[in-house]
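Asks: Protein chains in written order, with my numbering: chain D, 1 to 299; chain S, 1 to 299; chain A, 1 to 299.
Hints are supplied without guarantee of correctness; some may be wrong.
To be verified - Between beta-carbon pairs, the in silico distance windows are:
{"no.": "1", "chain 1": "D", "residue 1": "Ile167", "chain 2": "S", "residue 2": "Asp48", "range": "25 to 33 Å"}
{"no.": "2", "chain 1": "D", "residue 1": "Leu125", "chain 2": "A", "residue 2": "Arg3", "range": "33 to 41 Å"}
{"no.": "3", "chain 1": "A", "residue 1": "Ala206", "chain 2": "D", "residue 2": "Glu231", "range": "31 to 39 Å"}
{"no.": "4", "chain 1": "S", "residue 1": "Glu257", "chain 2": "A", "residue 2": "Asp43", "range": "25 to 33 Å"}
{"no.": "5", "chain 1": "A", "residue 1": "Pro65", "chain 2": "S", "residue 2": "Pro156", "range": "29 to 37 Å"}
{"no.": "6", "chain 1": "S", "residue 1": "Pro65", "chain 2": "D", "residue 2": "Arg114", "range": "32 to 40 Å"}
{"no.": "7", "chain 1": "S", "residue 1": "Gly233", "chain 2": "A", "residue 2": "Gln225", "range": "53 to 61 Å"}
{"no.": "8", "chain 1": "S", "residue 1": "Pro65", "chain 2": "A", "residue 2": "Thr267", "range": "50 to 58 Å"}
{"no.": "9", "chain 1": "A", "residue 1": "Pro128", "chain 2": "S", "residue 2": "Gly90", "range": "18 to 26 Å"}
{"no.": "10", "chain 1": "A", "residue 1": "Pro33", "chain 2": "S", "residue 2": "Asp6", "range": "14 to 22 Å"}
Honestly, the hints are just simulated from the structure, not real lab data.
Quick reminder that beta carbons are idealized off the backbone N, C-alpha and C, glycines included.
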Amino acid sequence: MARRYDTVTFLSDYGRADEFVGVVHSVIRSLAPHVTVVDLTHDIAPYDTRGAGLLLARAAQYLSPGVVVAVVDPGVGTARRGVAVEVGDGASVLIGPDNGLLAPAVAMCGGADRAVELANPDYQLPAPGPTFAGRDVFAPAAAHLCAGVALEHLGPVIDPAGLLPGILPVSRVEGGVLEAEVLWVDRYGNAQLNVDPGELDEVFGAGEPVELVWAEGSRVAHRVQAFAEVEVGRVGVVTDSYGLAAVVLDRGSAAGELGLHAGTAVTLRPLPDGGGSSAPSAVTTSVHLSARSSRGGSA
Amino acid sequence: MARRYDTVTFLSDYGRADEFVGVVHSVIRSLAPHVTVVDLTHDIAPYDTRGAGLLLARAAQYLSPGVVVAVVDPGVGTARRGVAVEVGDGASVLIGPDNGLLAPAVAMCGGADRAVELANPDYQLPAPGPTFAGRDVFAPAAAHLCAGVALEHLGPVIDPAGLLPGILPVSRVEGGVLEAEVLWVDRYGNAQLNVDPGELDEVFGAGEPVELVWAEGSRVAHRVQAFAEVEVGRVGVVTDSYGLAAVVLDRGSAAGELGLHAGTAVTLRPLPDGGGSSAPSAVTTSVHLSARSSRGGSA
Amino acid sequence: MARRYDTVTFLSDYGRADEFVGVVHSVIRSLAPHVTVVDLTHDIAPYDTRGAGLLLARAAQYLSPGVVVAVVDPGVGTARRGVAVEVGDGASVLIGPDNGLLAPAVAMCGGADRAVELANPDYQLPAPGPTFAGRDVFAPAAAHLCAGVALEHLGPVIDPAGLLPGILPVSRVEGGVLEAEVLWVDRYGNAQLNVDPGELDEVFGAGEPVELVWAEGSRVAHRVQAFAEVEVGRVGVVTDSYGLAAVVLDRGSAAGELGLHAGTAVTLRPLPDGGGSSAPSAVTTSVHLSARSSRGGSA
């Protein structure tokens, strides 16, 4: 059989303390020794399919072509299907449970070309129990694909339209304010919003500060180019490495200080004292405004 | 020299925050560039040779043939020996301290064929201090084996019967109850027992619920096929991915909720109100019983 | 182009929970598929350039020749330069921000041969935002170097003497006492000092116990060869795996028990009751002394 892929990118909520990750690596290596496994992360919070789906979508455009194995699988052992979804005219195949986890990344890759249900036991390991599909179903499927097995041999072809969709929250402008949501809090405490920075410019004026309002508080946030531009005691909004607006501090955790979490609803609105898009930006620069209002705007 | 092995599987209590794991990878790569290192885990609790030995035994049958380096080594720098143990007619060699850590996996692999003490300084790194045998002794031994050095060149042959044995707790039936022990609590809080599910069927009746009793409490546990079959507020017993009985919740930590830890002694006995093997299973199904007794059986 | 290097050693404060590490691996693999990436650690405390620099210096002599990517980068997005520094007559190149992080390792490798600023956008990824230089600047530079791109093509040559230096604390003897500092606390709680054990012998007598004094307390510490030689309730000083003196317990965290941290100033002085270099070591052995004074010397 031809070697079809030589990279497996692997994502899970397995953590690192148990042997789960290493065993999946070992199974892949035993079946397809030519493959390099790249670990995306294994520290997804247990069962957090939403967070894992967003993470995979963020990473998708940077991954090496090949097979992706994504396992966050609270329904393991039940009737939920294991699937393999081909994207990019066969450039890559995404493998995992059909629970919405793969959907955002599939969308990022231009949608599914083909999909199969992983139902052929010839390409699975005999399982002492039903709870470790990563080892017994997903890793063998990935390795066999890499070794040249055709997608359709892994199980019956299914309609990609029937795959469980993921849910991506969309921001919306209403009455001059922007209703948004925290998509992700990273290691440094930066809180990514589902907001395009260009939209901030349009709604509030180019580079203008905005007021962030959430259930537990509110804060003025200043538009900056880099973390280090956020002055002490102030909150910044930066265009993050994925092109979205993120709430940040300089060398501190914005999410920790403000109490933001993945999923927190955040309203962005013009500053209460006439800043924002209604004021000429030449007069009320962000620095000027912030000097007067950053304390008053604090929660 | 012939390339004898091309995989090193690596397990330790080094954690990931220091450079220990990366330095071991680097030493192996410097001496044997053709080798791929597979990390099993490095988050074993410091000095926990028991937990590491059990983990390695669980993983053993899934590992790629080659060399295993296992380092949990509270006696580093003392007279405890470093050893290399060949198993499977030379298919694999396990390397580590002779402190019982390797014993369960060696047993899983059918016992030791040959063993040597890692005493030949020609296959070690010069050590500034005696405390990092993973870098100075075990990694070089693994790399040289992979590069084709014969086992017996690493040091004097020793009698495998003289290796320190590991201790595997065995469950026992006594007066209609099963005395067991928690072997392992995984990331999700599932508590693996040293109990074959078939033994549960024999002692308590096929698929019958049982009462779990431990020092701090007791709970009725229902036999299930998958986590998702455990009803809210109830405790399940599933056949886990290694074929042993595990105490579980659906999307929750059974160990956390019940206060179970690796090593906790657990007694399994028939339900107090006539359930279990003494009652006809057609009359008192597990669902029926559990509806009446799951609260009453709680701690 | 010739394949110039086949190993990238990678160190960061990215943590493992986000996709940062995996994305850097993926970018390198996409641009230079022949490369193996060795992770040194990614659990450096956020922004801790000092700790990362020391870690890299400790590891330097054990690394495979090739490219090192080190990213602890609080100034990302500002005018701080990204640099590539060649050492060892081209044996290795260290890549990262010019913030002192690389300096200790460069010194360990004999100093910089050449250096360039990573300013050529042809060897960078187009960045949606400026905050992920590891992905957009450092990883591509490393991969292109591995693939054979010449160092000077990555950007303008700069004077290595102008690179930001790292700061390595130096111990000093003053009035018969040794003023030292904790360089590093490892996973096991061993506290490495910036002290050569030979210096202890010279100042206090060969193998003699010393009194450790720090802001919050003091303790007698006994010179030992291995952790297991430290008696219960006592503190030991061992020659650690990098040849420096480290404060240790047997199977316990010395740093945790004593309240030592990276950066803690520690004074080492002779025992108050006539121990140390002024007493004949044949009469007051370390064991003898410790039996009388370890309690009295406790904080």
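Asks: The structure should be examined with respect to each hint, and the outcome stated for every one.
Replies: Hint check:
no., hint, in the structure
1, Ile167/D to Asp48/S: 25 to 33 Å, "violated, 41 Å"
2, Leu125/D to Arg3/A: 33 to 41 Å, "holds, 36 Å"
3, Ala206/A to Glu231/D: 31 to 39 Å, "violated, 56 Å"
4, Glu257/S to Asp43/A: 25 to 33 Å, "holds, 29 Å"
5, Pro65/A to Pro156/S: 29 to 37 Å, "holds, 34 Å"
6, Pro65/S to Arg114/D: 32 to 40 Å, "holds, 35 Å"
7, Gly233/S to Gln225/A: 53 to 61 Å, "holds, 56 Å"
8, Pro65/S to Thr267/A: 50 to 58 Å, "holds, 54 Å"
9, Pro128/A to Gly90/S: 18 to 26 Å, "violated, 53 Å"
10, Pro33/A to Asp6/S: 14 to 22 Å, "holds, 18 Å"
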